[in-house]
Each structure stands twice: as C-alpha cells, then as structure tokens.
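Novice: For chain R, the structure is supplied; the task is to place chain U on it using the hints.
Residues per chain, in single letters:
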Amino acid sequence: MSIFKLATAALLLTAAAARAEGPGLGQPLDAADIPFYATYVKPDGTGLPEGSGTAAQGAEIYAANCASCHGKTGSEGPVMPPVGPNDVWAKPAGSYWPYATTLFDYIRRAMPLEAPKSLSDDEAYALAAYILERNGVIEAETAMTAETLPAVKMPNHGNFLDVWAKQGAKPW
Amino acid sequence: MTRSDIDGAALEYAAGGGLLSRRALLASAAAGTAAGLALPGAARAEAEIPEWTRTAGARARGYGMPAAAESAVQRAIIEPWQDVAPAFSLSGTPHHRLRGTITPSGLHFEVHHGGRPDIDPARHRLMIHGLVERPLQFSRDALERYPMVTATHFLECAGNSLFNAVMPEPMQAGCDMLHGLLSNTEWTGIPLRVLMEEAGVKPEGKWVVAAGADGPSLARSIPMEKVMSDGMLALYQNGERIRPEQGYPMRLLLPGFEGNMNIKWLTSLWVTEAPVHTKDESGEYTEILADGSSVQFTFAMGVKSFITHPSSTMTMSGAGYYEISGLAWTGAGKVAKVEVSADGGQSWAEAALAGPVRPQALTRFSLPWHWDGSPLVLMSRATDETGAVQPARADWKARYHASNFLHYNAIQPWQITAEGAVQNVYL
Numbered sequence: 001m002s003i004f005k006l007a008t009a010a011l012l013l014t015a016a017a018a019r020a021e022g023p024g025l026g027q028p029l030d031a032a033d034i035p036f037y038a039t040y041v042k043p044d045g046t047g048l049p050e051g052s053g054t055a056a057q058g059a060e061i062y063a064a065n066c067a068s069c070h071g072k073t074g075s076e077g078p079v080m081p082p083v084g085p086n087d088v089w090a091k092p093a094g095s096y097w098p099y100a101t102t103l104f105d106y107i108r109r110a111m112p113l114e115a116p117k118s119l120s121d122d123e124a125y126a127l128a129a130y131i132l133e134r135n136g137v138i139e140a141e142t143a144m145t146a147e148t149l150p151a152v153k154m155p156n157h158g159n160f161l162d163v164w165a166k167q168g169a170k171p172w
Numbered sequence: 173m174t175r176s177d178i179d180g181a182a183l184e185y186a187a188g189g190g191l192l193s194r195r196a197l198l199a200s201a202a203a204g205t206a207a208g209l210a211l212p213g214a215a216r217a218e219a220e221i222p223e224w225t226r227t228a229g230a231r232a233r234g235y236g237m238p239a240a241a242e243s244a245v246q247r248a249i250i251e252p253w254q255d256v257a258p259a260f261s262l263s264g265t266p267h268h269r270l271r272g273t274i275t276p277s278g279l280h281f282e283v284h285h286g287g288r289p290d291i292d293p294a295r296h297r298l299m300i301h302g303l304v305e306r307p308l309q310f311s312r313d314a315l316e317r318y319p320m321v322t323a324t325h326f327l328e329c330a331g332n333s334l335f336n337a338v339m340p341e342p343m344q345a346g347c348d349m350l351h352g353l354l355s356n357t358e359w360t361g362i363p364l365r366v367l368m369e370e371a372g373v374k375p376e377g378k379w380v381v382a383a384g385a386d387g388p389s390l391a392r393s394i395p396m397e398k399v400m401s402d403g404m405l406a407l408y409q410n411g412e413r414i415r416p417e418q419g420y421p422m423r424l425l426l427p428g429f430e431g432n433m434n435i436k437w438l439t440s441l442w443v444t445e446a447p448v449h450t451k452d453e454s455g456e457y458t459e460i461l462a463d464g465s466s467v468q469f470t471f472a473m474g475v476k477s478f479i480t481h482p483s484s485t486m487t488m489s490g491a492g493y494y495e496i497s498g499l500a501w502t503g504a505g506k507v508a509k510v511e512v513s514a515d516g517g518q519s520w521a522e523a524a525l526a527g528p529v530r531p532q533a534l535t536r537f538s539l540p541w542h543w544d545g546s547p548l549v550l551m552s553r554a555t556d557e558t559g560a561v562q563p564a565r566a567d568w569k570a571r572y573h574a575s576n577f578l579h580y581n582a583i584q585p586w587q588i589t590a591e592g593a594v595q596n597v598y599l
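Going down the list, the protein sequences come from chains R and U. Residues in the first sequence are numbered consecutively from 1, following the working numbering. Residues in the second sequence are numbered consecutively from 173, following the working numbering.
Isolated chain R (complex conformation) (with noise of 0.2 Å):
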C-alpha cells in the first residue's frame, strides 16, 4: 500500500470516526423510493411534474370535490375560502399566498380532505387554474403548467416581510 492510499484510508477513518455518535444504522434511500410528498414544489416553479389545465377544466372538478368545504365558488367557505376578499379568511390562497406553485402542491398533496392524493397532476394544475382565475391573477384561457404557475405574479407577493431573515428565532 502506498503513502498516499494510507492517508486516504486515515483520513477516512477519520471521517467515519466523527459520524460515530450514532450507531450509523441509516439505510441507502435510492430516489426511486422517495415520494412527491416528501418534497415540495419550489416557488420556481422545480418540482412540477408534466401537465396541464385550465379554469374551465377546474370549474367541474372545484364543483365535484370542493364546494362543499370551501363554498360554490370559492368565497363562501365555511373552511377557508380560498377566492378573496371575502368576509370568512383574510388570507385567501389565490390572492394572498405569495407564490402560486404552492396552489399546485397543497392541492395535490392535501386536498380533498377526505382523500387527499386522489386528485391526479393535470386536475391539481386546473384546480389551481381556477382559483387564480376566480381571484382575478389569471386569464381564463390561460393554462396552468410546469412553465406558466411559477410566473404567476401573486398580487400579495411583496408584502411579506421574513422575520427568520430579520431577527432569528427572537419572538416577534
């Protein structure tokens, strides 16, 4: 053995070493075995999967699965209405949440509360379509996709002010 493997067999019985507090008993997570919930969609729009739709498309789909909770339109509620303003949620989601490609995650993710999961891509992009285009921030022939939510301007966009940035764990 040489010199130099030598010291790269130290070194990395070195590295080993420090990670020895636990018993290392970590398996190997191959991608393929990591679900989408396990990530989220990026503002800039990484994460988001092939597909399409539009708010017309989301009208029949909003009646079928979310009426219900969130009201005939979208700003009845009673459950957070998510089509603002309205006088049940003063954060409604397709007005006041600073970046659309959340729409398209949480909908997918989450939604509808009884079967969340259920829903597949191209009806949480018109889901998400429809909100937008309720609240105003979309047309309606625009088709929500990889390439069209993240450069949805969010109307509410810069009035967030990031207290993590600004003070850290201090209470506001």
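No wet-lab data here; the hints were simulated from the structure. The beta-carbon is built from N, C-alpha and C at its ideal position, and this holds for glycine as well. You may find that some hints are simply not true.
From the derived model, a few chain R residues whose C-beta atoms are all more than 10 Å from chain U [as the list claims (entries may be wrong)]:
id : residue
1  : Asp-30
2  : Ala-56
3  : Ala-63
4  : Asn-159
No more than 30 Å apart at the CA atoms, straight line, and that leaves these computed lysine-lysine pairs for DSSO-like [stated by the list, open to error]:
id : chain 1 : residue 1 : chain 2 : residue 2
5  : R       : Lys-170   : U       : Lys-506
6  : U       : Lys-378   : R       : Lys-153
7  : R       : Lys-166   : U       : Lys-378
Specialist: Relative to the frame of chain R, chain U by itself:
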C-alpha cells in the same frame, strides 16, 4: 387552613387586593400541618368507617386510568367545521383542572388539519434526503438503538388563545377553551444533529423541509440552525411511546417554536437551500399586521402567562386564604419573573416560581392571597430572560390586523365578582 388562622395573624401584604408576600408560602404550609395534627380526641367510636376501608381493593390492571370521579377531566374539543370537515379539530388541555407543569399524555392539546392517522410502526420510515451526501432511511427499530436525550418542553399552537384575540366581547369559558392549545411534556428522543450528520449535510443545505405521514402530509420549512442546535426526533412522551394524537411513532420537536412546525408522524426531512413556502408558512401561519402587510417565518412563541387557580368558570368558596397559581413560559428561553396583580394592574407583587425553571418549558408560579370578598380583577404578567414582557391586550391588538389570532400573548385578566364568580374580561 381556616379564616381565623389567617385573620388572627399579622399578614405581610405585598400588593393591593390582598396579595401576600411569597415568603408567606412556607409559613402558611407549616401552620396548616400543625392545625392538621390537632384532631379532637372525642367521638372516635362513632366516626364513620367508609366501605372502601372495610374491604379488599381491586386487582391489579395493566394500564392505570384516572379515578372514576375524575371522568370530567377531558380536553375541550372544537370542530369548527364538523359538518363538512370533521377531520379538522382542536382539543384544549384543561389547565384549570390540572396542577404541576407536566401535561398528562392523554390531555395533551391537539390541532388536527386532517385527522389522526393510524400508522403501522413497522412500515413507517424516516427519510433524510435532498442536499446531503448520503440519502438515508431509518426504521423505528434502527432508531431505537441511537443514544437518546430527555428534555421537558412546552408546545403551544400559534393560534392558542384565539378567542381572546378576535372576539369583540370576552368569551366565558374555561382555560381549556381559552388557553388550552398549550401543553408541557417530558420528551425523549434522538438529537436531530446525530441523524443529519450521519446523512452528511452539504454546505448549501440551509433549510430542512419536514413532512408528516398524515393524510395532508403537513410540511414546514425549518432553518438548519434550529434543527442542528436543539431539534429532536421525539419517540417517547412522558416516558411512554408517543400517543397517536401526538405523532406516533415519531414526531419533530423544535423547542419554543410554534406547534405547527413540530411535525407529527414525521416521515421526511428534505434538505434544501431555502424555504419552499408550504401552505402553512404561506397563509395559515403568517400574521397580518395593522398596516396590511404580513410577517412570515415568525417561529418562536412569545412570553406569556395566565392564572389557572382561580380562573374563569370557577366559583370562589368564600373570602379568606387562597393560593393563586398559574403557568408561565416563553419560546425565547427561561421565564425570569412573574408578577401578579389583584387590583386590576394598579399594583403588582412578584410570584414565587417553582423550580427548576427550564428553558422553553412551562413554569408554575404561585402567590398567597387573602381575598376579602370584594370584587376585583386578578392578572399575571410574565417577563422572560431576554427582558420581553407580556403586553396588555390593547397593545397587542394595535400591532395587528383585526383578523389576526396568531401568536396572541396578552395579559389575561380574571374578574372576581362579589358573588365569587370568576369571569374572563378584557382590560
């Protein structure tokens, strides 16, 4: 202790409304013991011997339960949309029926965005992935072999005390409804740093997106700094495996941070370079300020306290001696001081803190009090080790949009009427 015991002694008053010096706590306890020993010698033969003293007790049982007479000690369940969305619920800890600081596991508060999942621990796994050298997954059996730590910490929902925050008139309800989204537990688990170091966080990994295995897969972005400093993968709650309501078989614990971030049923830790703006950090757990702008990533809970004994819905049992008792805490560290007023805030006396005062944990405070039977307003005001002081309600309201009910930490006044009723009031 009887009234004559107190009335006959020279009382050391600490503030208006009958507040006594906290130095009187030990003295009064001693007096009580002496009084207890002075049993009358007569009438022993006629004294009732209750039936439970004349028979063998019940056989052993595998898991103990509260006394049957305590069956009313329950969480207060709120289902705001029970007809259309019953899986969304809140359950408040009945602090007015508890003493000490540890919340019994079965009375820990709950806020469920999508109900309580039924998880098979043998099929549950924790994934660590994203910006790491070695993406890893752990079974619970593997995690059981890691060195564990134990720490007592409070959890408080960001929406705790929401009724006081937004209702125009004070709601008349107990501490379970008014302040019940708060609990305190001895947690045992694995420091997250150990697991993160095993995976090897890359230098650009600055945030961790934690996700649960519940139906909605609730997710929050957490600064790496917090994860590595005191984040815990909690497996045990008050010595036993975490209850299903609290994240069985494992949950995230971030001492001092708002409850929603302490992801229950934790299954994924995804290392990223920046927060991903999940639903909860985009809308549900942001606060709209008075000027219409919003604050985001307001993680730590502010300094807060309230009196549990006496508290609203209770009725005083006559004038005389009482011990005022309550809870204080802060997400910023330790409680430094709790003051109590019995005259609506005109004068204050410092309460005794039951040690040890732990960081990011509930602290019990107490103060002896001689109530003369006249109407008055009781309240407590906590100060934490950073110097932060609980605000008055009007000052808290002035900072925020009228709709905001998150991170409410204003002083809680209790009005005591001449009839002895204890009521919620705004001051």
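Novice: Now tell me if each hint is right for this structure.
Specialist: We went through each hint and held it up to the structure:
1. Asp-30: 8 Å, violated
2. Ala-56: Holds, since 25 Å exceeds 10 Å.
3. Ala-63: At roughly 15 Å from the nearest Cβ of chain U, Ala-63/R sits farther out than 10 Å, so the non-interface label holds.
4. Asn-159: Check fails; 5 Å does not lie beyond 10 Å.
5. Lys-170/R - Lys-506/U: The given pair, whose Cα atoms are some 13 Å apart, holds under the 30 Å limit.
6. Lys-378/U - Lys-153/R: Cα-Cα ~26 Å, so holds.
7. Lys-166/R - Lys-378/U: Between Lys-166/R and Lys-378/U the Cα gap is close to 16 Å, so the pair holds against 30 Å.
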